[in-house]
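In case you want the letters, here they are:
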Amino acid sequence: MVNPNQTAYFLPRGDLDLLIQSLRSDDRDVVGPHVRDGALVLDEIESATDLPVGVGALNAPGRSNIVEGDGTRVFDQPPGAMSWKRWTFPPRVTQAVWTDSEGPIPARQIENPPRHITRKAFLGVRACEIAALRIQDKVLMGGPVVDSDYVARRNDNLIVAVECAVAGGTCFCTSMGTGPEVTDGFDLALSELDDGFVIRVGSPAGWLIVEELPVTPATDGQLADARASVSRVRDQMPTTVATEGLPQQLIAAAESPRWQQIAERCLACTNCTLVCPTCFCTSVSQHSDLDGRSASTERSWDSCFTLDFARVAGGNFRPRTADRYRQWLTHKFATWTEQFGSFGCVGCGRCITWCPVGIDVRDELMAIAPPSADPVRIELPIRTPIQEQHRPMPWVPATVIDKRRETADAVTLRFRTDYAPLLAGQPGQFVMASLPAVAAPPISVSRFHEDGFELTIRAAGAATAQICALERGEILSVRGPVGRGWPVEQAIGRDVMVITGGIGLAPLRPLLDWLIAEREHIARIQLSYGARTPADRLYTDELAKLARGGIIEVAETVDRAGPEWLGRVGVVTQVIDRVMCSCDRTVAFICGPERMMQATVDVLHERGVPDERIWVTLERHMDCGVGLCGHCQLGAKFVCKDGPVFSLAELGPAFAIEGL
Amino acid sequence: MTTSPHRLGTLEDKLAAAWLTHGVRPHMRGVLAALAESRPVAAGQVLFREGDLSDFLAVVLAGRIGLRLRVPERGPVTILTVEPGDVVGWSAVVPPYRATSTAVALADSEVAYFNGVELRAALDEDDSLAAEFYPLVLRAVARRLEGTRLQLLDLFSQRWVEPW
Numbered sequence: 088m089v090n091p092n093q094t095a096y097f098l099p100r101g102d103l104d105l106l107i108q109s110l111r112s113d114d115r116d117v118v119g120p121h122v123r124d125g126a127l128v129l130d131e132i133e134s135a136t137d138l139p140v141g142v143g144a145l146n147a148p149g150r151s152n153i154v155e156g157d158g159t160r161v162f163d164q165p166p167g168a169m170s171w172k173r174w175t176f177p178p179r180v181t182q183a184v185w186t187d188s189e190g191p192i193p194a195r196q197i198e199n200p201p202r203h204i205t206r207k208a209f210l211g212v213r214a215c216e217i218a219a220l221r222i223q224d225k226v227l228m229g230g231p232v233v234d235s236d237y238v239a240r241r242n243d244n245l246i247v248a249v250e251c252a253v254a255g256g257t258c259f260c261t262s263m264g265t266g267p268e269v270t271d272g273f274d275l276a277l278s279e280l281d282d283g284f285v286i287r288v289g290s291p292a293g294w295l296i297v298e299e300l301p302v303t304p305a306t307d308g309q310l311a312d313a314r315a316s317v318s319r320v321r322d323q324m325p326t327t328v329a330t331e332g333l334p335q336q337l338i339a340a341a342e343s344p345r346w347q348q349i350a351e352r353c354l355a356c357t358n359c360t361l362v363c364p365t366c367f368c369t370s371v372s373q374h375s376d377l378d379g380r381s382a383s384t385e386r387s388w389d390s391c392f393t394l395d396f397a398r399v400a401g402g403n404f405r406p407r408t409a410d411r412y413r414q415w416l417t418h419k420f421a422t423w424t425e426q427f428g429s430f431g432c433v434g435c436g437r438c439i440t441w442c443p444v445g446i447d448v449r450d451e452l453m454a455i456a457p458p459s460a461d462p463v464r465i466e467l468p469i470r471t472p473i474q475e476q477h478r479p480m481p482w483v484p485a486t487v488i489d490k491r492r493e494t495a496d497a498v499t500l501r502f503r504t505d506y507a508p509l510l511a512g513q514p515g516q517f518v519m520a521s522l523p524a525v526a527a528p529p530i531s532v533s534r535f536h537e538d539g540f541e542l543t544i545r546a547a548g549a550a551t552a553q554i555c556a557l558e559r560g561e562i563l564s565v566r567g568p569v570g571r572g573w574p575v576e577q578a579i580g581r582d583v584m585v586i587t588g589g590i591g592l593a594p595l596r597p598l599l600d601w602l603i604a605e606r607e608h609i610a611r612i613q614l615s616y617g618a619r620t621p622a623d624r625l626y627t628d629e630l631a632k633l634a635r636g637g638i639i640e641v642a643e644t645v646d647r648a649g650p651e652w653l654g655r656v657g658v659v660t661q662v663i664d665r666v667m668c669s670c671d672r673t674v675a676f677i678c679g680p681e682r683m684m685q686a687t688v689d690v691l692h693e694r695g696v697p698d699e700r701i702w703v704t705l706e707r708h709m710d711c712g713v714g715l716c717g718h719c720q721l722g723a724k725f726v727c728k729d730g731p732v733f734s735l736a737e738l739g740p741a742f743a744i745e746g747l
Numbered sequence: 608m609t610t611s612p613h614r615l616g617t618l619e620d621k622l623a624a625a626w627l628t629h630g631v632r633p634h635m636r637g638v639l640a641a642l643a644e645s646r647p648v649a650a651g652q653v654l655f656r657e658g659d660l661s662d663f664l665a666v667v668l669a670g671r672i673g674l675r676l677r678v679p680e681r682g683p684v685t686i687l688t689v690e691p692g693d694v695v696g697w698s699a700v701v702p703p704y705r706a707t708s709t710a711v712a713l714a715d716s717e718v719a720y721f722n723g724v725e726l727r728a729a730l731d732e733d734d735s736l737a738a739e740f741y742p743l744v745l746r747a748v749a750r751r752l753e754g755t756r757l758q759l760l761d762l763f764s765q766r767w768v769e770p771w
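Protein chains in written order, with the numbering used here: chain A, 88 to 747; chain B, 608 to 771.
Bound conformation, chain A alone (with noise of 0.2 Å):
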């Protein structure tokens, strides 16, 4: 009884299990909501006795109750804890697998252990989960490092949706323009009605399903109840957020008291981001066999409100509760518009009802961030161009070849590699370094070579003490060349100040490289290096070397220093506060703490440097190493994807404010 011109058909109430018979024939699983130890949950269905027939649910801010719902309605609740996240990016995912073999020639040998992933229907998908779904598939597909494990659980997903008839007294998917109406990305989507379901087809496979149902078209009628049921919800949801303006409200509020305030009542249990069906920042961990010969590096969900999720290679940048929830509102609500082109909020409100303490965003967005007649203008920053980068992007094997220290925790390797995209990495650029049974950091490539590269490595944590303690012969596995790097061609026809401290010299050490070989073409080069005692320079032969040719000015700088030491001791900001520069042609580079190099770029701004002209790195935040974890965000950019090198002018407001 199908006809290609009609769209929406109406499945009585005692045929749904056809339709779930139909579904998961096709060596499908069904997945769909049911009622376990009392809460709604998602779970795999196997006939229509599996759905909550008779279950409501009713949910406020930090409670959710199942209640007993209306006779025979299978689909009158509003969301439960669990969101299709849980099929589509899984909790827990083992991304490799690390195997050394035994045999004269010790071999190593990294593979994606097998997934097996069945192909999925899932039953019951609401309007703002569907836009959820979009969400993640744009952060985790969207490029341009895509994440493949993602990719092959949402490859041939069957959505049917269904249009959702009562309102949850947390839900606000009208505020955030993704429901209650389900419109499109669906295969099927159901209209539940006392005596059955209207159905209208999406896609071909929902054809195919439909096809195999007793189904009639729907009358005017039905057509009439179905809009009638999701009209009552849009009544029943007023709009609670405004979300016009709301980014640039967000932002200008950086400094609101209310952050605190809500700091006090949050628990940082990290409930709203388990929830949450955008959330995808994940950790990764390594786990290691007894015996040393095998390992596996596993990527589990993680969340912004734990107390070390921004501790990354610089340091921890969020350590209060207060910088966290402003993290992740902001993000929801302002830098991921920037980032992805949407609010990264559907309004499901899932955050508000499994808040133990109840903290309820609507309330917090209005008092944060209210309506205003006369918005707030604020300069939102240049958007950073994302770099294309080599896709797939494969582990590949680097020998050391040479080692030297540098000081007493720091050594620079030399390896050897004939991986052509490795070779012709840009300066500034960084690889993830990576042994087995340890998290591979991200350390920017300090010098590139015809037939390889180097590291300068200080051992500050179990990864990078394992790296530095490598010898000759032995085998680190990289990924990269990553992030984008330096400007160089910034430099043509320039007076270059070059200000670093410390082991921040090593990222910069390419960038002088390229800027020495185009000497002829760059007015004048400054370097200006600080370091904490004359013992922690680095690349002291090579400086002096540079210095004493002529080819680039050098202004060294220690911070303390005994009486052997005759060189300058101070800060590196006044080795450069009172050089004679030609202010209005100059291009300064960047490395160091970030209060290092606030304080620079305080005396670059003071003699008229502009922002467009002031590049940072800010490595220091770096994590995962592609942009796909979380954790080097930073306002609107992800520190590894669009940097680590920025302009001030593309970072804008995100430079300096404390806990961002």
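Quick caveat, the hints were computed from the structure, so don't treat them as lab data.
The beta-carbon is built from N, C-alpha and C at its ideal position, and this holds for glycine as well.
Be a bit skeptical, because a hint or two may be false.
Far from chain B, some chain A residues (derived; all Cβ distances over 12 Å) [stated by the list, open to error]:
1. 225
2. 321
3. 590
4. 620
5. 649
6. 736
One-sided excerpt, in silico: chain B residues whose CB lies under 8 Å from chain A [what the hints assert, rightly or not]:
7. 663
8. 713
9. 714
10. 741
11. 750
12. 757
13. 760
Distance windows between CB atoms, simulated [stated by the list, open to error]:
14. B:761 <-> A:398: 13 to 21 Å
15. A:481 <-> B:748: 56 to 64 Å
16. A:372 <-> B:656: 55 to 63 Å
17. A:224 <-> B:748: 55 to 63 Å
18. A:372 <-> B:761: 54 to 62 Å
Use these hints to put chain B onto chain A, whose structure you have.
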């Protein structure tokens, strides 16, 4: 700065080139130059010691002067070097006129030397000179304070710094 060739190298020109006294109005710079004399300082020479009565103020014109503090068991620690253009011995115009560190020339240097007593007398007598001169000293000391604060943070330390 433009300088006619025959005047190149006068003390006044050198003060005009030093960042500390660069912005001083020309006639005041003349007054200052008349109070000062150029003196060479050999590498290793101690200009004053911590706690000494400060009997001079100097603007470093060339070379490098190290400011040191003696720390038990660590010996003399250089906490700052004064580079050309900057002042050494500012305590000569700030009561109680005692040196706050020991100053040693780390390289052969040249300074514009102001006798402390004469300089203070001139500043007492001439309000407009004092109004021009004290802000210079204050600026130099403020810059030093700013640098010291950053040094205190020990930003290049290898240790994890826990928030408090």
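Status of the hints after comparison with the structure:
no.: 1; hint: 225; in the structure: holds, 34 Å
no.: 2; hint: 321; in the structure: holds, 46 Å
no.: 3; hint: 590; in the structure: violated, 8 Å
no.: 4; hint: 620; in the structure: violated, 9 Å
no.: 5; hint: 649; in the structure: violated, 7 Å
no.: 6; hint: 736; in the structure: holds, 25 Å
no.: 7; hint: 663; in the structure: violated, 22 Å
no.: 8; hint: 713; in the structure: holds, 4 Å
no.: 9; hint: 714; in the structure: holds, 7 Å
no.: 10; hint: 741; in the structure: violated, 20 Å
no.: 11; hint: 750; in the structure: holds, 7 Å
no.: 12; hint: 757; in the structure: holds, 4 Å
no.: 13; hint: 760; in the structure: holds, 6 Å
no.: 14; hint: B:761 <-> A:398: 13 to 21 Å; in the structure: holds, 19 Å
no.: 15; hint: A:481 <-> B:748: 56 to 64 Å; in the structure: holds, 58 Å
no.: 16; hint: A:372 <-> B:656: 55 to 63 Å; in the structure: holds, 58 Å
no.: 17; hint: A:224 <-> B:748: 55 to 63 Å; in the structure: holds, 60 Å
no.: 18; hint: A:372 <-> B:761: 54 to 62 Å; in the structure: violated, 32 Å
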